[in-house]
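As they're listed, the protein sequences go chains A and B. At position 13 of the first sequence (counting the first as 1) the number is 13 in our numbering, and the numbers step up by one without a gap. Here our numbering = 1-based position in the second sequence + 1000.
Hints are not guaranteed to be accurate.
Simulated DEER-style distance windows between Cβ atoms [to be verified]:
{"#": "1", "chain 1": "B", "residue 1": "L1052", "chain 2": "A", "residue 2": "K51", "range": "31 to 37 Å"}
{"#": "2", "chain 1": "A", "residue 1": "R113", "chain 2": "B", "residue 2": "P1013", "range": "49 to 55 Å"}
{"#": "3", "chain 1": "A", "residue 1": "E86", "chain 2": "B", "residue 2": "S1134", "range": "48 to 54 Å"}
{"#": "4", "chain 1": "A", "residue 1": "E104", "chain 2": "B", "residue 2": "K1009", "range": "48 to 54 Å"}
{"#": "5", "chain 1": "B", "residue 1": "E1151", "chain 2": "A", "residue 2": "E95", "range": "32 to 38 Å"}
Calculated lysine-lysine pairs in the PhoX-like style (CA-CA distance at most 25 Å, straight line) [claimed, not checked]:
{"#": "6", "chain 1": "A", "residue 1": "K69", "chain 2": "B", "residue 2": "K1203"}
{"#": "7", "chain 1": "A", "residue 1": "K107", "chain 2": "A", "residue 2": "K94"}
{"#": "8", "chain 1": "B", "residue 1": "K1075", "chain 2": "B", "residue 2": "K1203"}
{"#": "9", "chain 1": "A", "residue 1": "K107", "chain 2": "B", "residue 2": "K1219"}
{"#": "10", "chain 1": "B", "residue 1": "K1102", "chain 2": "A", "residue 2": "K88"}
{"#": "11", "chain 1": "A", "residue 1": "K107", "chain 2": "A", "residue 2": "K128"}
{"#": "12", "chain 1": "A", "residue 1": "K129", "chain 2": "B", "residue 2": "K1194"}
Think of the hints as simulated: they come from the structure by calculation, not from any bench. The structure displayed is predicted, hence computed values, not measured ones. Where a beta carbon is used, it is the ideal one built from N, C-alpha and C, also for glycine.
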Amino acid sequence: MAIRKRRSFPDFLDTYFGDFEEEFERWREAVIEKPSWNLKTCAIQPLSDMKVTATEVIMTVDLPLTQEKTVEVKPLDDRTLEISAEMKRKIQFKELGITHRKGEFRKLHCHTRVPVPVQMNKMHVDFKKGILEIHIPRKKEQRQKEGLSRDF
Amino acid sequence: MSEIKIIEKTQVPSGALMLFGFPDVGLVGVIAASHLIEELNLEEVAYLDSSLLPPIIVLHDGVPHSSIRIFGNDKILLAVSEMPISANIIYQVMDALLDWGKSKKVKMMVSLSGIPIEDRQDATELKVFAAASSPDVLKTIQGKNMEALMEGYMVGPQAIMLMRCAQSGLPAVTLMAQCFLNYPDPEAAGEVLKGLDTLTGIKVDIAKLLEKGEEIRLKARDVMQRTQEEMSKMKKGQEYDLPVYVS
């Protein structure tokens, strides 16, 4: 007979509230408006888009004024990607049409969560005309659970 | 009292060509309109005032301006919005602008816009399509070797402009350059301006536009983001739908 280890109450709380906090943070980021730039990190948040097909997740990120060799795509966990790229030159607020703030930006940076299980280790990255394109194959088990046996 | 007023700042010419550059896919219309204003030194001749608009003003050179303005010279009137227009008020705003244009006896209306394509970053050549308000205008387009948009759906301010002009018999064209859906696309704006030249003979140098392309993409992110939200409320995705032909 298998012995099921009971989790202690504090462990349960940690897990439960950990998940809750994570979900709340995601909701807060989606709902509450905030600037698309961060002066502390000298970073601007780029525009991005994501498409989930039957076989893969395709993500694009608009990275103007950046150099391909500085583009970094880093999986933070099995569902989250961090993307950053250094700018070709520093951009001041006034160049963006803002004269009442001071500061400069040196990179584009964002992180994004993939909505389905994927194989991060099989990720393929391409960069054309300042657009970063990331292809990540979906996990087969998950696709089978969803009944997606054919590719579209 | 009308809910929307168009306030004229200077004498507005009659018989001009009226252009529209509103936030839409790839911000093609807005980017093209900004470039036209700069290259042709167009002056602000009128602006739209309404309590239907969100409480937003745009500060330029230290003074407030409406987010929907009309620029012009003796030949052109160009209506441009720096903010996406909410789906809830788009009909009222467009009707006010179209009625105002008709009161100025404009000879033709042209909307500058985009048509999104998949894998835009792989495209080496961007096509420009034109949609006409009448069979006569369609002939004019085809006579200039422009590719006419013959079937499909159109969503947004340019759709209202085309339909209203078709109803009133005022010649109108919507020019659409292939573009990114969700990213600002200065290259597509350049192509739509080439299309405008072919259609109307209005020439502008697009070299500066292409040169500043990356800066424009960086600056226009926030407007693009808000435009996406409004496009989604307008069911912009319907432009991808396959039409059901009812004969």
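A quick look at each hint next to the structure:
Between L1052 (chain B) and K51 (chain A) the CB atoms are about 35 Å apart, so this pair conforms to the stated range of 31 to 37 Å. As the Cβ distance of R113 (chain A) to P1013 (chain B) is approximately 54 Å, the hint placing it in 49 to 55 Å holds. Checked against the hint of 48 to 54 Å, the pair E86 (chain A) and S1134 (chain B) passes, with Cβ atoms roughly 52 Å apart. Between E104 (chain A) and K1009 (chain B) the beta carbon distance is about 37 Å. The supplied range of 48 to 54 Å is therefore violated.
Between E1151 (chain B) and E95 (chain A) the beta carbons are some 43 Å apart, a value that contradicts the proposed interval 32 to 38 Å. Our distance criterion of 25 Å between C-alpha atoms is broken by K69 (chain A) and K1203 (chain B), whose separation comes to about 38 Å. Taking the CA atoms of K107 (chain A) and K94 (chain A), the gap is near 16 Å; set against the 25 Å cutoff, the hint holds. As the CA atoms of K1075 (chain B) and K1203 (chain B) are separated by approximately 13 Å, the hinted pair is consistent with the 25 Å bound.
Between K107 (chain A) and K1219 (chain B) the CA atoms are separated by roughly 14 Å; this keeps the pair inside 25 Å, and the hint holds. At most 25 Å may separate the alpha-carbon atoms for a hinted pair to count; K1102 (chain B) and K88 (chain A) exceed this at roughly 48 Å. Distance restraint check for K107 (chain A) and K128 (chain A): the Cα-Cα separation of roughly 18 Å lies within the 25 Å cut-off, and the hinted pair is therefore satisfied. Between K129 (chain A) and K1194 (chain B), the direct Cα distance comes to roughly 21 Å. Compliance with the 25 Å bound is thereby established for this hinted pair.
This entry does not satisfy hints 4, 5, 6, 10, going by the numbered hints stated previously.
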